[in-house]
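Here the structure of chain A is known, so what remains is to put chain F in place on it, guided by the hints.
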Amino acid sequence: MKQILLTMVLFAFAILSGCSTPYTQKGFLGGFTETKLDSTSYKVTFNGNGMTSRETVIKYMLYRCAELTAEAGYKYFEITFEDNSTNTNTSWTYDVNTNSTHSSAVVHHDAEATIRLLKEKPEKMKDNIYNAKQYMTVNNIN
Amino acid sequence: MKAIIMLVTPLLLIGCATMNTVKSGKDSGTAVVYETTKDNAYSYAKKILREVGGKVSSESEEKGEIFAVTGAEVGSYGSYIGIWVQSVGEKKTEVTVYTRRVLATQLTTGISESDFHKKFKLYLDSE
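Same order as they appear, the protein sequences are chains A and F. Using this note's numbering, the letters of the first sequence map in sequence onto residues 391 to 532. Using this note's numbering, the letters of the second sequence map in sequence onto residues 12 to 138.
A couple of the hints might just be wrong.
Stated by the list, open to error - With the Cβ distance kept under 8 Å, some of the chain F side facing chain A (calculated, not the full set):
hint, residue
1, D50
2, K57
3, K58
4, E62
5, G64
6, S68
7, V80
8, E84
9, V85
10, K130
11, L133
12, S137
13, E138
To be verified - Not the full set, but computed from the structure, chain A residues with beta-carbon under 8 Å of chain F:
hint, residue
14, K433
15, M441
16, R444
17, L452
18, V497
Claimed, not checked - Below, simulated EDC-like cross-link-like pairs (lysine to aspartate or glutamate); rule was C-alpha separation at most 16 Å, straight line:
hint, chain 1, residue 1, chain 2, residue 2
19, A, K449, A, E472
20, A, K433, A, E502
21, A, K509, A, E472
22, A, K523, F, D136
23, F, K66, A, D473
24, F, K130, A, D517
25, A, K516, F, E62
26, A, K514, F, E138
27, A, K516, F, E72
28, A, K416, A, D500
29, A, K516, F, E73
Just so you know, these hints were derived from the structure itself, not from any lab. Since we're looking at a predicted model, the values are computed, not measured. Yeah, the Cβ is synthetic: ideal placement off N, Cα and C, and Gly gets one too.
If we strip away everything but chain A, and leave its shape as in the complex, we get:
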C-alpha cells in the first residue's frame, strides 16, 4: 500500500513539475496574489515556476492588475512601482535505477507591481498607465 502511495505521489509530482504556471491564484505551481494597500492601491505579484518564461510571468501579473481594476469598477491603472526578479532553486531527483540523487538548478521568475486605480483617463497616457480593458483585449490569455 505504501509503495502504491509513494508511486502515486512521485507520478503526480512528475506530471506537475512539467506544467507551466497557469493564470490562477497562487498554488502549488505558482500564480498571482494581491494585497489591498488602500482604497485605490494594490500590490500584485505573480510567481512563476521553472517552466514559465519571464514574459509570461509579466504578462499574467499585468493581466491580474487589469482584471482587478475592472472588478473594482475602475477603468485605468497606474504602475507606481514594479520589480521583476529571477531566482534559482535547487531541485533534487532520485534515480531508482542507480539508487542515487541528482541536483539541478531551477530558474523561476517573479513579477510584482504596486498599482493605483483611476476612474478617469489621465491627460497624458504615459507608458505606466494602462487602460484595463484595452490591456485584456491586446493580451488575451484565454
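Just chain F, lined up with the frame of chain A:
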C-alpha cells in the same frame, strides 16, 4: 589546443552584435506608419517593452529613441532592440524597429520586429 582556440574564437565573435550595431541600424529596421500621435506611439512602444520584460538601456522621448535588451534569460543573451518614433504628419507617426541577436548562434531571442508591430497594431486597433 592553441590553434583550436585561435580558430574558434573569431568564429564565435563574428556573430556578435553590440548596442552600437543597433543604434546605427535604423535604416535596416522595419518601419511602419501609424495613424497616431508621437506621444501615443512612444507610450505604446514602452508598454510593449515592459510586457516582454525588456530592459531599457537608454531612451530619449524628445528624440523618439529607445534602446533596450529583450529576451535575456538563462542560457540566452537575448537581443538588442532599437525603436525610433518620428512624427511624419498630423496624427501620423513612423515607428521603426530594428533587432539584432546578441549572439547570432543562440536559439532563443527577444521580441521580433514583426511581433512588435503586430502588438503595436493591436493596441491601436483596441483604442
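Verification of the hints:
Nearest Cβ of chain A to the Cβ of D50 of chain F: about 7 Å, under the 8 Å cut. The hint holds. The closest approach between the C-beta of K57 of chain F and any C-beta of chain A is roughly 3 Å, which is under the 8 Å cut-off, so the hint is satisfied. Annotation: interface hint on K58 of chain F holds; nearest CB of chain A at approximately 5 Å, less than 8 Å. A least Cβ separation of about 6 Å between E62 of chain F and chain A falls short of the 8 Å threshold, and the interface hint therefore holds.
Satisfaction of the interface hint for G64 of chain F is found here, the shortest Cβ-Cβ separation to chain A being roughly 4 Å, below the 8 Å cut-off. Proximity of S68 of chain F to chain A is violated relative to the hint, the smallest CB-CB distance being about 16 Å (cut-off 8 Å). Contact between V80 of chain F and chain A, as hinted, is not supported at the beta carbon level, the nearest pair being about 12 Å apart and thus beyond 8 Å. Taking 8 Å as the C-beta cut-off, the interface hint given for E84 of chain F holds, the closest approach to chain A being about 6 Å.
Look at V85 of chain F: its Cβ gets to within about 5 Å of chain A, closer than 8 Å, so that hint holds up. A cut of 8 Å between beta carbons decides the hint on K130 of chain F: the least distance to chain A is about 7 Å, and the hint holds. A distance limit of 8 Å between C-beta atoms decides the matter here; for L133 of chain F the minimum to chain A is near 5 Å, and the interface restraint holds. Residue-level restraint check for S137 of chain F holds (minimum Cβ-Cβ distance to chain A is 4 Å; threshold 8 Å).
The closest approach between the C-beta of E138 of chain F and any C-beta of chain A is roughly 7 Å, which is under the 8 Å cut-off, so the hint is satisfied. Taking 8 Å as the C-beta cut-off, the interface hint given for K433 of chain A is violated, the closest approach to chain F being about 17 Å. The beta carbon of M441 of chain A is not positioned within 8 Å of any beta carbon in chain F (closest approach about 13 Å), and the interface hint is therefore violated. At its closest, the beta carbon of R444 of chain A sits 4 Å from a beta carbon of chain F; the interface hint therefore holds under the 8 Å criterion.
Satisfaction of the interface hint for L452 of chain A is found here, the shortest Cβ-Cβ separation to chain F being roughly 7 Å, below the 8 Å cut-off. A least Cβ separation of about 5 Å between V497 of chain A and chain F falls short of the 8 Å threshold, and the interface hint therefore holds. Proximity of K449 of chain A to E472 of chain A is assessed by CA-CA distance (about 13 Å); at most 16 Å being required, the pair is judged to hold. Between the alpha carbons of K433 of chain A and E502 of chain A the distance comes to roughly 7 Å, so the proposed pair stays at or under 16 Å and holds.
Our distance criterion of 16 Å between C-alpha atoms is broken by K509 of chain A and E472 of chain A, whose separation comes to about 21 Å. Distance check on the hinted pair: K523 of chain A and D136 of chain F sit about 13 Å apart at the alpha-carbon level, within 16 Å; holds. Of the supplied pair hints, the one linking K66 of chain F and D473 of chain A holds, its CA atoms being roughly 12 Å apart against a limit of 16 Å. For the hint pairing K130 of chain F with D517 of chain A, the CA-to-CA distance comes to about 15 Å; that is within 16 Å, so the pair holds.
At roughly 15 Å between alpha-carbon atoms, K516 of chain A and E62 of chain F fall within 16 Å of each other, so this suggested pair holds. Using a Cα cut-off of 16 Å, the hinted pair K514 of chain A and E138 of chain F holds, with the two alpha carbons roughly 14 Å apart. Using a Cα cut-off of 16 Å, the hinted pair K516 of chain A and E72 of chain F holds, with the two alpha carbons roughly 11 Å apart. The straight-line distance between the Cα atoms of K416 of chain A and D500 of chain A is roughly 12 Å, inside the 16 Å bound, and the hint therefore holds.
Our distance criterion of 16 Å between C-alpha atoms is met by K516 of chain A and E73 of chain F, whose separation comes to about 14 Å.
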